[in-house]
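All chains, please: the whole structure from these sequences, using the hints.
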Amino acid sequence: MNEKEFGQKIRERLNQGTQQIDGITLNRLEQARQRALGKIRVAERQVAMAESHGRGGSMSLRIGGGSSEHHPHYLRMLFVGLALIAGMAGTVYWHQANEDDDDEQGMLDAKMLSSELPLHAFLHPDFKEWVDSSR
Amino acid sequence: MGRQFALSLVLAAALLCGAIAPAHAAGSADGGPRWESLSPEQKQVLGPIAPDWERMPPYQRQRLVNAAKHYPKLSPLEQQRFSERLHDWVQLPHENRDQARETFRKFHALPKEKREELKQRWRGDPPPDAASRAEARRAH
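Just so you know, the protein sequences line up as chains A and B, in that order. Sequential numbering of the first sequence, starting at 1, is according to this note's numbering. Sequential numbering of the second sequence, starting at 136, is according to this note's numbering.
Among the hints, a few may not be true.
Derived, one-sided and incomplete: chain A residues facing chain B with beta-carbon distance under 7 Å [stated by the list, open to error]: (1) L113; (2) L117; (3) F122; (4) L123.
By construction, these hints were calculated from the structure, which means they are not laboratory data. Every residue, glycine too, gets a C-beta built ideally from N, C-alpha and C.
In structure tokens:
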């Protein structure tokens with residue numbers, strides 16, 4: 001008898017065995033199975049929560065004492081979203097400030113180049129002194 | 136969750152790069168605006184210095200582009216002065232340009248009467264009070 005034939009024999013015996021089990025025993029076996037499955041589900045949930053808290057660190061705060069283990073995930077996404085918005089706002093502000101500076105410098109250069117006074121006046125030490133003493 | 140977090144960061148970085156990139160899109164490899172990237176109007180305003188453009192440092196090219204933006208707001212006489220002085224302006228050493236800007240900034244911040252007084256003084260005109268006194272003496 002090879003391994004395959006041996007496995008087939010066992011299956012036949014087991015099938016015969018289950019057909020001979022009475023209803024009360026079958027019911028008790030079904031209840032035991034459900035209890036075992038329930039314990040496995042609880043254990044899996046606890047492991048998932050522990051992992052979530054471990055990764056979340058200080059971000060794993062509970063809002064309003066809620067019991068959902070999904071809060072750390074939402075908080076993390078909220079944090080990323082806020083960081084993204086802050087980064088975008090900072091970038092826009094930085095660009096705006098640079099553009100304002102550029103615009104002001106450009107205006108000053110344009111006014112100087114088109115001034116009634118020649119360029120060399122603004123380079124002349126006497127004129128500089130007059131300006132300084134007029135302030 | 137870690138993968139989502141990493142993806143979020145990558146997305147954030149990509150968006151930030153997307154926001155910054157257009158500002159530099161018209162720039163050359165050294166960071167300054169290329170002559171080819173200028174608008175026809177800017178090319179016309181900065182035409183007198185076109186042959187010198189690529190030799191200029193990036194920051195100088197950028198400042199000239201910024202100045203050219205204000206050209207349309209100038210009067211025809213001012214536009215003429217702007218165009219005539221542009222070539223001499225870019226030939227000046229960087230330190231001299233900064234010095235001229237600083238003096239002009241102070242001059243521009245003065246009250247109008249003071250500015251007029253300094254203009255007349257520079258041209259060698261007599262001060263307004265002396266001129267009016269001389270006029271009054273001649274009248275008598």
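Comparing the hints with the structure gives:
| no. | hint | in the structure |
| --- | --- | --- |
| 1 | L113 | holds (5 Å) |
| 2 | L117 | holds (6 Å) |
| 3 | F122 | holds (4 Å) |
| 4 | L123 | holds (5 Å) |
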